[in-house]
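Visitor: Sequence:
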Amino acid sequence: MKQLEINQMIQRQTPEFLHTIWPNFKKVAFAIYDENDVYVFHHPKFPNEQYFKIPKDERFIADGLLIFEDYPTAIVDKNRYETFPQLMAIVVHELFHGFQYLQDEKRFPNEISGVMYTEDAQNIAYRVKERALLADAILLKNEFEKLQALKQFIAIRKKRAILFSEFVQYEQLMESIEGPAFYCELKTYLLVTNQTVDDVFHLYGKSLIDAKESMLAIRKSCYDSGLFICLALDKWRPDWKEQFFDEQLTVFELLEQIGDFNIDVEVECNEDAYTIAEIMNQHKEQQVQQFFNNNNYLVEIKGPLKITSVDPMNMTHWHDNVLHKHFVKIKLQEKEVTLLQPVLTRICDGDLWHISSIQFYSTEKPTVKRNKHIIRELGEIDTASYQVAVK
1 MKQLEINQMI QRQTPEFLHT IWPNFKKVAF AIYDENDVYV FHHPKFPNEQ
51 YFKIPKDERF IADGLLIFED YPTAIVDKNR YETFPQLMAI VVHELFHGFQ
101 YLQDEKRFPN EISGVMYTED AQNIAYRVKE RALLADAILL KNEFEKLQAL
151 KQFIAIRKKR AILFSEFVQY EQLMESIEGP AFYCELKTYL LVTNQTVDDV
201 FHLYGKSLID AKESMLAIRK SCYDSGLFIC LALDKWRPDW KEQFFDEQLT
251 VFELLEQIGD FNIDVEVECN EDAYTIAEIM NQHKEQQVQQ FFNNNNYLVE
301 IKGPLKITSV DPMNMTHWHD NVLHKHFVKI KLQEKEVTLL QPVLTRICDG
351 DLWHISSIQF YSTEKPTVKR NKHIIRELGE IDTASYQVAV K
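Its first residue numbered 1, the sequence shown is counted upward by one per residue in the numbering used here.
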């Protein structure tokens, strides 16, 4: 990291600057790293230093928030960003997640609802329409048309919440966690670059009007809608940030409070919605089928199995199958094992946690010895309790 960038970061990261982004923004520590070094700023363990440098280790992966030396620390991978404004903006984004941590934020969604998200064409039709209206509420030039778009957005969202409550609740909670963080990121980027929302819509709002993209990446698409709801709150309820952490309302529920918009809006469940539903299904099927593109031994285990931990951001649900792309923890024979590799599970009665079988690839062929299956990744398994097939 160049000294000029370090100086710019220190000069910009003032309380005054952060308070222009969000009132009473409390800054945690933050760290910017590359493949070799980590630069840590504003950490209470080193109060007399503007920053300190340490070698990079396995704790610093991707962008996020971690507890480093007993203190919440936002971390950012410098190599992912080409310009200082981009780097500065994402640092503020992750700092806001640290601020949420300090504020004991509790509006977190049930991530499993995102994994099991519906492919219903009616939900798709409503969602595509409402996202386009939300974009119009911010980007249209005519003030009357902006307000009409906002009213219709709220009306359609409320109608969809009645029909698909679990999934809309997931979206609204995700919007409330990530939307304000992206809002802080955007506000920072605009201040540093002297640009407008119109100038950077392709960076921060494109999926609002891309129906296919928004339905293939549900979690990610909530970032955009959450951001634009925050921008709508800025316009129609400018004091919304003052009490945001004092109540547990979602950003959409705050937006609802600006007026009684119980207007009747009809949305046609057209051919496009059915096409997107089929694309969603095909996309999931392709990911599951790709799992089988492996030349090692395919191991399938059937018996009393239960999942105890998952990575919901890296899972694909297709019919009765769930693909865990990176890892999964499973309980068998009263012991818990972790598989740090792609694993395909077959769920029981729509319950992701209770499964009838698991499949994974092993570099060694399992063997049987003294009534025990010997499997490299799992150790010994009782032959009386579990069936093991190898291809």
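Hints in this document: simulated from the structure, not taken from any laboratory.
Errors might be hidden in some of the hints.
Computed cross-link-like contacts, SDA-like style, restricted to lysine to any residue with a CA-CA straight-line distance of at most 25 Å [unchecked claim]:
| no. | residue 1 | residue 2 |
| --- | --- | --- |
| 1 | Lys-325 | Ile-6 |
| 2 | Lys-78 | Ser-357 |
| 3 | Lys-329 | Ser-357 |
| 4 | Lys-129 | Glu-166 |
| 5 | Lys-78 | Phe-52 |
| 6 | Lys-220 | Thr-383 |
| 7 | Lys-78 | Val-115 |
| 8 | Lys-284 | Asp-234 |
| 9 | Lys-241 | Lys-212 |
| 10 | Lys-206 | Gln-13 |
| 11 | Lys-306 | Lys-129 |
| 12 | Lys-306 | Phe-292 |
| 13 | Lys-206 | Asp-246 |
| 14 | Lys-365 | Asp-349 |
| 15 | Lys-53 | Val-115 |
DEER-style ranges, computed between Cβ atoms [to be verified]:
| no. | residue 1 | residue 2 | range |
| --- | --- | --- | --- |
| 16 | Arg-376 | Trp-353 | 46 to 52 Å |
| 17 | Lys-141 | Asp-272 | 25 to 31 Å |
| 18 | Lys-26 | Glu-145 | 51 to 57 Å |
| 19 | Thr-338 | Gly-303 | 15 to 21 Å |
| 20 | Lys-212 | Glu-145 | 46 to 52 Å |
| 21 | His-283 | Thr-338 | 23 to 29 Å |
Since the structure is predicted, the reported quantities are computational estimates derived from the model, not experimental observations.
Cβ atoms here follow ideal geometry from the backbone N, Cα and C, with glycine treated the same way.
Visitor: Each of the hints needs a verdict: does it hold here or not?
Guide: To see whether the hints hold, each was checked on the structure:
For the given pair, Lys-325 sits about 37 Å from Ile-6 by alpha-carbon distance, which is inconsistent with the 25 Å threshold. Only pairs whose Cα atoms come within 25 Å are accepted, and Lys-78 paired with Ser-357 is rejected, the gap being roughly 41 Å. Only pairs whose Cα atoms come within 25 Å are accepted, and Lys-329 paired with Ser-357 is accepted, the gap being roughly 14 Å. With a CA separation close to 19 Å, the supplied pair Lys-129 and Glu-166 stays within the 25 Å bound.
This hinted pair checks out: Lys-78 and Phe-52 have alpha carbons roughly 16 Å apart, not beyond 25 Å. Between Lys-220 and Thr-383 the CA atoms are separated by roughly 43 Å; this puts the pair beyond 25 Å, and the hint is violated. A threshold of 25 Å between alpha carbons decides the hint, and for Lys-78 with Val-115 the separation of about 30 Å lies outside it, so the pair is violated. For the hint linking Lys-284 to Asp-234, the alpha-carbon distance of about 37 Å lies beyond 25 Å, and the restraint is violated.
The hinted pair formed by Lys-241 and Lys-212 fails the criterion: a straight-line CA distance of about 32 Å is larger than 25 Å. Straight-line distance between C-alpha atoms of Lys-206 and Gln-13 comes to about 29 Å, which puts the hinted pair past the 25 Å bound. Between Lys-306 and Lys-129, the direct Cα distance comes to roughly 39 Å. Violation of the 25 Å bound is thereby established for this hinted pair. At roughly 22 Å between alpha-carbon atoms, Lys-306 and Phe-292 fall within 25 Å of each other, so this suggested pair holds.
With a C-alpha separation of about 32 Å, the suggested pair Lys-206 and Asp-246 falls outside the 25 Å cut-off, and the hint is violated. Only pairs whose Cα atoms come within 25 Å are accepted, and Lys-365 paired with Asp-349 is rejected, the gap being roughly 31 Å. Between Lys-53 and Val-115 the alpha-carbon distance is near 39 Å, which puts this suggested pair outside the 25 Å criterion. Remark: the range hint 46 to 52 Å for Arg-376 to Trp-353 is contradicted by a beta-carbon distance near 25 Å.
The hinted window of 25 to 31 Å between Lys-141 and Asp-272 holds, with their beta carbons roughly 27 Å apart. Take Lys-26 and Glu-145: their Cβ atoms lie about 38 Å apart, and the range 51 to 57 Å is violated. The beta-carbon spacing between Thr-338 and Gly-303, approximately 18 Å, falls within the hinted interval of 15 to 21 Å. For Lys-212 and Glu-145, the Cβ-Cβ distance of about 26 Å falls outside the hinted range of 46 to 52 Å, so the restraint is violated.
Remark: the range hint 23 to 29 Å for His-283 to Thr-338 is upheld by a beta-carbon distance near 28 Å.
The structure fails to meet hints 1, 2, 6, 7, 8, 9, 10, 11, 13, 14, 15, 16, 18 and 20 from the earlier list, while all remaining hints are met.
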